[in-house]
Amino acid sequence: MRLWNLTLLTSKVYRRYFIRQASQKAKMSSKKIAVCQMTSIADKAQNLQVVGKLVDDAAKDGAQMIFFPEACDYICDNKNDIVKLAEPVLGGKIVGKYRELAAKHRVWLSMGGVHEKDESSPDKMFNTHIIIDSKGEIVQTYRKLHLFDVEIPEKNVRLKESDFSHPGAHVVTPVETPVGRIGMSICYDMRFPELSTALTTMGAEVLTYPSAFTKVTGAAHWHILLRSRAIENQTYVIAAAQTGQHNAKRQSYGHALCVDPWGEVLADCGEDAPGYKIAEISMEKLADVRRNMPVFQHRRRDIYSLYTLGLRKSLLPVHAPRTSRPNSPVQTVSGPTHVFGHVRIPDSCVFYKSKLSYAFVNLRCVIPGHVLVAPLRHAERNKDLTPEEADDFYRTIILVQKLMEKVHNTQSCTVTVQDGPDAGQTVKHLHCHVMPRKKGDFIDNDLIYLELSKHDQLKSGHPAKPARTLDEMQAEADFLKKELQKMLKEDSLCS
Numbered sequence: 001m002r003l004w005n006l007t008l009l010t011s012k013v014y015r016r017y018f019i020r021q022a023s024q025k026a027k028m029s030s031k032k033i034a035v036c037q038m039t040s041i042a043d044k045a046q047n048l049q050v051v052g053k054l055v056d057d058a059a060k061d062g063a064q065m066i067f068f069p070e071a072c073d074y075i076c077d078n079k080n081d082i083v084k085l086a087e088p089v090l091g092g093k094i095v096g097k098y099r100e101l102a103a104k105h106r107v108w109l110s111m112g113g114v115h116e117k118d119e120s121s122p123d124k125m126f127n128t129h130i131i132i133d134s135k136g137e138i139v140q141t142y143r144k145l146h147l148f149d150v151e152i153p154e155k156n157v158r159l160k161e162s163d164f165s166h167p168g169a170h171v172v173t174p175v176e177t178p179v180g181r182i183g184m185s186i187c188y189d190m191r192f193p194e195l196s197t198a199l200t201t202m203g204a205e206v207l208t209y210p211s212a213f214t215k216v217t218g219a220a221h222w223h224i225l226l227r228s229r230a231i232e233n234q235t236y237v238i239a240a241a242q243t244g245q246h247n248a249k250r251q252s253y254g255h256a257l258c259v260d261p262w263g264e265v266l267a268d269c270g271e272d273a274p275g276y277k278i279a280e281i282s283m284e285k286l287a288d289v290r291r292n293m294p295v296f297q298h299r300r301r302d303i304y305s306l307y308t309l310g311l312r313k314s315l316l317p318v319h320a321p322r323t324s325r326p327n328s329p330v331q332t333v334s335g336p337t338h339v340f341g342h343v344r345i346p347d348s349c350v351f352y353k354s355k356l357s358y359a360f361v362n363l364r365c366v367i368p369g370h371v372l373v374a375p376l377r378h379a380e381r382n383k384d385l386t387p388e389e390a391d392d393f394y395r396t397i398i399l400v401q402k403l404m405e406k407v408h409n410t411q412s413c414t415v416t417v418q419d420g421p422d423a424g425q426t427v428k429h430l431h432c433h434v435m436p437r438k439k440g441d442f443i444d445n446d447l448i449y450l451e452l453s454k455h456d457q458l459k460s461g462h463p464a465k466p467a468r469t470l471d472e473m474q475a476e477a478d479f480l481k482k483e484l485q486k487m488l489k490e491d492s493l494c495s
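Note that UniProt numbering numbers the sequence shown so that position 411 is 411, with each residue one more than the last.
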């Protein structure tokens, strides 16, 4: 009997210990966020005071990251004032104040979206979501992709963002923050589930939708849409909101929310303003949901696919301080290089060299495994090759294609040469793109050519595809060298 009681006591002690350990582990994996709500007006100074008070209070409550709604800087009742009051992200007074608040209180801020002045267009601006770190640095920006354009004449309803705003041009890859990897969107974007799914496939753990939802649409769809985005993507959803009467023409729904990956509402600010609610983001809870119902593993990529054509990882040049704007890694490298048109390719990025040709990894890949083959001698066009160079060039292409299909476990490749500027050639050095293909990697197979045509061109002052780091490229080249040696050895044994 004593032995039984001792065993029972011991088991209870151990159970309490493990429960306590699990509780401490859960707390360590949980991060506090504050989702805010306000009623912006046309007075920027007054709105800034509200933002400052919310940051101060939420920081004291232990929030590590604070989320503000769309138009947290101001809301006007006419197009002229909307555009006139817009400021640039860099050098703008309002964003400067937001950065000071983040640094002062040592918190991360999601400010989205603010009215960003477009220096090249006097009659329009951008709706821009900004993430600022606890040092006051701008980490990332996102320009709203989907503009809310509604016009119902019989109800005297007209609200068209396209009258005064440009749409963005990129999906932005998820941002690493203290509360998880955040997928950036704004308001109306939530009605387009393919955007949230694309962000989740890129690793988003939190989807954020700073919003200024109208009273009517909010009452009908707000909670349904946000809970749906959380459930289908198994992510947290944070949606800061505008609420109340902004002016005679504009009223917002409110109900700033935080939803967990199971679709449970963790925080709802109701219709009061200004205010905020604290919620905890638990990576353990997210992992449990995804493990217990692995929906992304069940997606039929052999039947359908989701491919993002316009993708951006780094800050837009217009948003990055000049001192921190990165140069192309192939232009700043030391050591042996190869001339490739107007740039130089580090020898460390070359994985194969023949007598007259070489193959190297790509700075900006259209798809995984996208590599290039070029003649060693500078030759601009196909017609500029000697017969010996042409023979060597195409033998190298065949070898590289075989390697890439083996490495990426495919049975197909897109092998293409853009021969001349009208064919899309941007580097004046003949080169062949070798891209291993899988069924469903593009919604429409020929979209690969559209992406190829813009993958290394400057559009609106920034690249359509994010540049890879030199370390990433060198690691891939080293891997391909080893795989090529294996393949050649296997071929020699079989012959």
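By construction, these hints were calculated from the structure, which means they are not laboratory data. Do not take every clue at face value.
Stated by the list, open to error - Simulated restraints, written as ranges between beta carbons of each label pair:
1) Q245 - K97: 22 to 28 Å
2) P122 - K482: 53 to 59 Å
3) D56 - T416: 55 to 61 Å
Claimed, not checked - Think about it this way: if two alpha-carbon atoms lie no more than 30 Å apart in a straight line, the pair counts; the simulated DSS-like pairs of lysine-lysine are:
4) K313 - K31
5) K406 - K285
6) K84 - K32
7) K60 - K160
8) K406 - K124
9) K124 - K60
These numbers were taken from a predicted model, which means no experiment stands behind them. A virtual CB, placed ideally from N, CA and C, is assigned to each residue, including glycine.
Q | 30 Å limit on alpha-carbon distance, applied to hinted pair K124 and K60 | A | Status violated; Cα separation ~38 Å.
Q. That 22 to 28 Å hint for Q245 and K97 (C-beta), does it hold up?
A. holds (25 Å)
Q. Are P122 and K482 spaced within 53 to 59 Å by their CB atoms?
A. Given about 56 Å between the Cβ atoms, the range holds.
Q | Distance restraint between K406 and K124, which requires alpha-carbon spacing of 30 Å or less | A | violated (50 Å)
Q. Does K285 lie within 30 Å of K406 when you go C-alpha to C-alpha?
A. Status violated; Cα separation ~38 Å.
**Q.** Pair hint K60 and K160, alpha-carbon separation not exceeding 30 Å
**A.** The hint is violated at about 39 Å.
Q | Given hint K31 paired with K313 - CA-CA distance at most 30 Å | A | Roughly 24 Å separates the two Cα atoms, so the pair holds.
Q. So the hint says 55 to 61 Å: do the beta-carbon atoms of D56 and T416 match that?
A. holds (57 Å)
(Q) Given the hinted pair K84 and K32, is their Cα-Cα distance within 30 Å? (A) Outside the cut-off at roughly 37 Å; violated.
Violation of the numbered hints given earlier is confined to hints 5, 6, 7, 8, 9; the remaining hints are satisfied by the structure.
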